[in-house]
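End of the sequence shown sits at 105 in the UniProt record's numbering; the numbers just go up one at a time, nothing left out.
None of these hints come from the bench; they were simulated from the model.
On a predicted model such as this, the values are computed, not experimentally measured, just so you know.
Wrong hints could be hidden among the right ones.
Simulated crosslink set (DSSO-like; lysine-lysine; CA at most 30 Å straight-line) [unchecked claim]:
#  : residue 1 : residue 2
1  : 22        : 60
2  : 40        : 78
3  : 57        : 78
4  : 57        : 40
5  : 22        : 52
6  : 52        : 78
7  : 40        : 22
8  : 36        : 22
9  : 78        : 36
10 : 40        : 60
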Amino acid sequence: MNIYVSNLGFDVNSEDLSTAFKAFGEVTSANVIMDKFTQKSRGFAFVEMPNKEEAEKAIKELNGATFEDRVMNVSEAKEREPREGGFNRTPSPFNNDNKSYPKKR
């Protein structure tokens, strides 16, 4: 089961989080999402536990618990919903049909 954890401190790392969840059972992975520029935690993470009962117990016990001076929010992770549109959401004045810049009015 994949678990979503939010409201983490910015100094929390994946090892710290994995240790907290291992008290409830086997942890397959713990991934604190990091800012690509500062390399500090963005305040949320995903933890994967193979045993559903252990994962549900961890969610129940850790949701609202204090971890490194912050109250964590812990819940079952939801699948990301597909976004509408895509790369070309709006027509561009610089597409292949129009090889010139838009004229100023």
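- Straight-line Cα separation of residue 52 and residue 78 no greater than 30 Å? holds (15 Å)
- Message: Need the status of pair residue 57, residue 40: alpha-carbon distance at most 30 Å?
- Response: holds (29 Å)
- Would the pair residue 22 and residue 52 pass a check requiring their Cα atoms to be no farther apart than 30 Å? holds (14 Å)
- Message: Need the status of pair residue 40, residue 22: alpha-carbon distance at most 30 Å?
- Response: holds (23 Å)
- Item | Given hint residue 60 paired with residue 40 - CA-CA distance at most 30 Å | holds (27 Å)
- Message: Hint check: residue 40 vs residue 78, CA-CA at most 30 Å. Holds or violated?
- Response: Cα-Cα ~24 Å, so holds.
- Task: Could you grab the alpha-carbon distance between residue 22 and residue 60 and see if it respects the 30 Å cut-off?
- Result: Given that 30 Å is the threshold and the Cα spacing comes to 14 Å, the pair holds.
- Message: residue 36 and residue 22 were given as a pair; does the straight-line alpha-carbon distance stay at or below 30 Å?
- Response: Distance ~27 Å between residue 36 and residue 22 Cα, so the pair holds.
- Sort out whether residue 36 lies within 30 Å of residue 78, counting only the CA atoms. holds (23 Å)
- Message: Just to be careful, I want the Cα atoms of residue 57 and residue 78 compared with a cutoff of 30 Å; is the pair within it?
- Response: It holds: about 18 Å lies between the C-alpha atoms, which stays within 30 Å.
No hint from the list above goes unmet by this structure.
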